[in-house]
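So the protein sequences, as listed, match chains P and R.
For reference, each letter of the first sequence is one residue, going 4 to 118 in my numbering.
For reference, each letter of the second sequence is one residue, going 1049 to 1330 in my numbering.
No lab work stands behind these hints, which were simulated from the structure alone.
If you're wondering where the values come from, they're calculated on a predicted model, not measured in any experiment.
Hints are not guaranteed to be accurate.
Pairwise CB distance ranges, derived in the manner of DEER restraints [to be verified]:
1) R/N1230 / P/L12: 48 to 58 Å
2) R/Y1287 / P/E64: 44 to 54 Å
3) R/I1219 / P/A113: 48 to 58 Å
4) P/K82 / R/N1230: 49 to 59 Å
5) P/M4 / R/R1051: 52 to 62 Å
6) R/G1186 / P/M4: 20 to 30 Å
Here are the simulated PhoX-like pairs of lysine-lysine, each with C-alpha atoms no more than 25 Å apart in a straight line [what the hints assert, rightly or not]:
7) R/K1167 / P/K10
8) P/K105 / R/K1297
9) R/K1268 / R/K1213
10) P/K9 / R/K1297
11) R/K1268 / R/K1167
12) R/K1303 / R/K1167
13) R/K1297 / P/K7
14) R/K1273 / P/K105
15) R/K1103 / R/K1327
16) R/K1303 / P/K25
17) P/K10 / R/K1303
18) P/K9 / R/K1130
19) P/K25 / R/K1273
20) R/K1297 / P/K108
21) P/K7 / P/K108
22) P/K82 / R/K1167
23) R/K1303 / P/K7
24) P/K25 / R/K1297
We put the beta carbon where it would ideally sit given N, CA and C, even for glycine.
What follows is the residue order along each chain.
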Amino acid sequence: MDDKLKKALDFSNYVIALNNHKRILSEKYQESVVMYYNGGKFTVNQTLISFCKTLNDLHQEGTILVDDDTIPIEISNIKDFMSRALNEYVSATNTYLVEYRKLLKNRSVAGIVDL
Amino acid sequence: MTRGVVLIANNNESIDYILQACYSVNNIKKYLDLPVTLITDTPDLFKTKYVLYEKLFDNIIEHTPYGDYTVKTYRDGFFDSKPLKFKNSSRASVFDLTPYDETIVLDTDVLIFNNNFLKCFDQMHDLLIYRNTIDVCGGRSDGEFAFISDASVDFYWATCIFFRKTLENEIFFNLVQHIQENWNHYRLLYQITSSVFRNDFAFSIAIHIMNGSTSGDFVKEFPGKLLYSTDRDELVTIYDDGVLILVEKTDNVGKQTPLRTVNTNIHIMNKFSLDRAIKNDN
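The following block holds chain R by itself, in its conformation from the complex (with noise of 0.2 Å):
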């Protein structure tokens, strides 16, 4: 059985996410021990910008993400926000992409601080995703996690996603893959009012057809729940075993508080302040 990571970066023209995955890998190779596969649609950059960052991974795979890009808005705290590509739609394919037989994809923007995700090795099911997370500032809505529209199905993260090589989990990618070649269909049929095609919808929708149309337990949660800071937060400095972030205060816009993080994972969804930690720590 071979086994490892995959991670995904399509970089846009603000957003480095090939820099968050070079950065990111570390972290992996140092609480995960698991060799690293890269996708991107441009393996040419470590040619030329990411010289000294090739070997840092076991395989670097090009593929083009499927159809044309979205646009979405990027937060980048309270304050300011920029519309940019979203090429998003690698993650479909990588069932057929990953070079290991038991695989964890993880956004780029997820930091590895301990290594509860080996966990996902000693345990029976093929596929394991969250549903539960938990915001760094307590007390904030999180509605828009719990399902993907307000009279729809349950909402599960594509952030971070533990498989097996099935047959099952095969139907299930290839399900994924139609889903977002039909996406206008399913984002009406499940009442989703914005257009931009997202991984975490197609996933829960899929998740749901899976499960017969119903709720079910087509798909296993991790063990824990995933930490995450919105894109209204700030991170301010990475450390060896945590981050430090500004949080935005519960009913204060605007107004933040530091929140120190140790030995815990985290997605960080402010792609901006993940980029500026990166090239402040280099």
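Same shape as in the complex, but just chain P (with noise of 0.2 Å):
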């Protein structure tokens, strides 16, 4: 086979196994991401997070959130709310960090699949 189709192949099949990696990497994030409060589903998100940011700086002790199935939640303790949301965005938004660095550094389809 002519050299430079060669590497053209293999840059190709790394491009496969690197582009089905990033995509199930970005679902778990999107998995990661949610939880759980009062029994209401929530994605925690920058627009969440400001939300309830702007609610405690407004003193407010409680407020109503529809979750993601659109039901209204009652959550009564905003900060507390918040601090939750927060440790999960945090946590999450680490992991899906590192998890890509570390398949971005690998350049071919073993290092990717870590053999």
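Two chains, two frames, a set of hints: combine them into the complex.
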């Protein structure tokens, strides 16, 4: 096989493996930022955290949040909710970053699958 | 409130579902730390073939699957397949059989590598099931998992189910049993071409009916999506924290690319390769 073509096909294989792993890492992250609180389901993101911070800054103790399933959930302690949401977010994004960097560091299919 | 996991394992002439359950129970204990009950039609095998494994389970319940077994084609990668007995009708009875108030039912080919299923107990909905899934290989068509037939209703996976013992859920599981007992009628009504009974189809039909024969929110979804590898892929190795799979490439029949998962639960559809990987690991 022509060397130029072989190198291109090797790279193509690498990209396929890399993209599959990236996609699964992304899904894993999406799953890990789901938090249950008072029976409600919340996907933690920057918007949710900022909203809670605003309520807290306005000295609100509690609020009602509509969860991922569009069910209103009473949050009696905003501080506690915000603290848990922040922890979930920081932990999930840190894990995502570490695993993503590790993935990108490997420049071969064998490296990606840790063989 | 008692909580636990139920596995259902009815062996056929080639696939050792009980061995899969024995393997799976270790990860369930490790990551979920929950009691595990096994439902099987051959509990006597624990006196002969699986003597050392009996103590892994908190309960072993004998249950003879409803009706005659069907036959379906089991694939082993792209190049091999075999028609085998398919004894899958115990799932509809799990509401009556489970010893727990809150139950997670898992297929024996779902490998657990994180504790996300524990979140089920922190939420308010009494019935959770997967609607959305993710193929290990991007770009492959997953149309067969969107609807139960071309002009029919949403597809739900009976692979993993969380339920509490409520009156509504009793009605739901009784309905699944009714659909199972009248499978030919319902499969024609819902335009399913294959005559093979599938739990995914029966549960999807039951959910549709419980929703008032329309789309609705009688069931809620598990957090995240279920990762699956098809029976055209091959599981090579099971590690402490994940698996290594040879995944068939998109639009490249028979050509594979490796994929390593870490701390992600995964549904392995190639049962032959799962059996091989477990035996290699032992």
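*asked:* Hints numbered earlier in the text: which of these fail when held up against the supplied structure?
replied: Hints 7, 12 and 18 contradicted; others consistent.
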